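K.L.:
Order-wise, the sequence lines are chains A and B.
Residue 201, in full-length UniProt numbering, is where the first sequence stops; the numbers in between run on with no holes.
Residue 251, in full-length UniProt numbering, is where the second sequence stops; the numbers in between run on with no holes.
Just so you know, the hints here were simulated from the structure itself, not pulled from any lab data.
Don't take every hint at face value.
To give an idea of the chain B side of the interface with chain A (calculated C-beta under 10 Å), a few residues [said to hold, decoys possible]: (1) Ala25; (2) Met62; (3) His106; (4) Gly112; (5) Val115; (6) Ser169; (7) Tyr179; (8) Pro185; (9) Phe187; (10) Gly194; (11) Val197; (12) Glu229; (13) Ala238; (14) Gly239; (15) Phe250.
Being a predicted model, the structure only gives us computed values, none of them experimental.
Where a beta carbon is used, it is the ideal one built from N, C-alpha and C, also for glycine.
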Amino acid sequence: MNVTRGFTGRPRVHHPGLPPGQYDAGDDWPVLSAEVTPDLAAADWSFRIDGLVAEPRTWSWDAAHALAPSAYEGDIHCVTSWSKFGVRFGGVSLDAFLGLVRPDATATHAVAYSHTGYTTNLPLTDLTGGRAWIAWEYDGRPLPAEHGGPARLLVPHLYFWKSAKWIAGLRILDHDEPGFWEQNGYHARGNPWEEQRYSGD
Amino acid sequence: MTETFVPPTRFAVPGRIAVSNRAAAVWQTATLTEIRRETPHAATFRFAVPGWQGHLPGQHLMLRLTAEDGYGAQRHYSIASPPEDAGHIELTLDHVEGGEVSGWFHTVAEPGDEVQVRGPLSGFFAWPGDRPALLIGAGSGVVPLMSMVRHHRAQGSTVPLRLLVSARSPQELIYAREYGDETTPVFTRDAAAGVPVGRMSAAHVAPLLDRAPPGGWEAYVCGSNGFAEHASRLLVEAGQPVHRIRIERFG
């Protein structure tokens, strides 16, 4: 251990929900997109799932909202080391969308892509079983554009770069295909509890 | 399903710049060798990092401080120094009120102290020096852009490069003594007599796009999220293609 002379850290109480290397951002919610925030109206938003599925499909804003609503209340963790506790998102579980397109038995991964062209890769098992959402509400209000509104992917158990803003679709694959940050040296999976920040972690 | 997948989109993220990620996973010891005051709220911290493999201007690193009880605090910081400064890196940090890490740097740190760093990280905001670059920063957002300006000078490069830098006042302008003809400062609160005061506007950005070099600019925007939103909108309104704007937001 390399102790830093004179560094004590902030007074702290152990928070069981804080993964290693993270700090509590409190009320802050930093914005970390690399691209220009798109001017994307809800009426122009769509979400598509294709690739290795029985029935590729595209949902409009209204069609997506016709699915059973599902909320997430819990924590989120960013690779830049802030975490945010007790956030509330509203939307639809990804299980509802995937149940309608029916991924093939050979499907193992997905590439999520945004209306901006941003991409990120995820194992299919991280997107199913009630652990991922398409979210359009934050704290009971429409999701702000700078946080991915009108709708973003939400995979709160992984670092937040996996929760693609301005989500446009999922391409279902039988192999892993690195996305935007993953090609820039970030970890393929990004589990905050194992500190999977960078490739090689 | 092996072809490169291109999503159907109206917008586009700028292309990636290939950089080596070999060093990103390894923590290295960085020894503080010098502290230089830049403004009342910002100082530059120079480190010797003998094993540093080099970086591209615009890249950042992760820095970790460790308390005696094992508690570690880590933060991402942009690198201010150019790659030509081999074996050394410089960071310029604002003294954030109540800042756990910046507070240590500004009130405790002295030459000889050791911290841990890993990097360089992320090639997205990097400028390899090969394409005309229009740099727009505010406050400490100028830090990664200064690495680009210094690299440009160290190379004796003739590739067009312009810097628009926003600060509250001349006293708050980081690296004030180092700017040359490539730089236009914009002061938002206070300036010398006869110098206009106000927010960065189309009047600053549009002339640079009107006189863009052949092939156009690659734009790099760095600052707070509010500034990044404002500056990127100015660029788009002035005709800069959205896929050639790279943004680093300081959270």
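K.L.:
Interface hint check: Phe187(B), Cβ to nearest Cβ on chain A, cutoff 10 Å. Holds or violated?
P.N.:
25 Å, violated
K.L.:
Does the nearest C-beta of chain A fall within a distance shorter than 10 Å of the C-beta of Ser169(B)?
P.N.:
Constraint on Ser169(B) not satisfied, violated at 26 Å.
K.L.:
Can the hint on Val115(B) be confirmed by a CB-to-CB distance to chain A that is less than 10 Å?
P.N.:
Holds, because the Cβ-Cβ distance from Val115(B) to chain A comes to roughly 6 Å (cut-off 10 Å).
K.L.:
Under 10 Å, Cβ to Cβ, is where Val197(B) needs to be relative to chain A, so tell me if that hint holds or is violated.
P.N.:
27 Å, violated
K.L.:
Should the interface hint for His106(B) be scored as holding, given a Cβ-Cβ cut-off of 10 Å against chain A?
P.N.:
With a closest approach of 12 Å, the His106(B) hint is violated.
K.L.:
A closest beta-carbon separation below 10 Å is what the hint needs, so does Glu229(B) meet it against chain A?
P.N.:
6 Å, holds
K.L.:
Minimum Cβ distance from Gly112(B) to chain A below 10 Å?
P.N.:
Holds. Min distance 9 Å.
K.L.:
Would you check whether Tyr179(B) satisfies its interface hint, that is, whether its CB is within less than 10 Å of any CB in chain A?
P.N.:
Hint on Tyr179(B): violated, closest Cβ of chain A at ~26 Å, above 10 Å.
K.L.:
Is the hint on Met62(B) kept, meaning its closest Cβ partner in chain A is under 10 Å away?
P.N.:
The hint holds - Met62(B) has a Cβ within 10 Å of chain A, the shortest such distance being about 8 Å.
K.L.:
For the hint on Ala25(B), does the least C-beta distance to chain A fall short of 10 Å?
P.N.:
3 Å, holds
K.L.:
Interface hint check: Gly194(B), Cβ to nearest Cβ on chain A, cutoff 10 Å. Holds or violated?
P.N.:
35 Å, violated
K.L.:
Answer holds if the nearest beta-carbon of chain A is closer than 10 Å to that of Ala238(B); otherwise answer violated.
P.N.:
Nearest chain A Cβ about 13 Å off; hint violated.
In the structure shown, a violation is registered for the earlier hints numbered 3, 6, 7, 8, 9, 10, 11, 13, 14, in ascending order.
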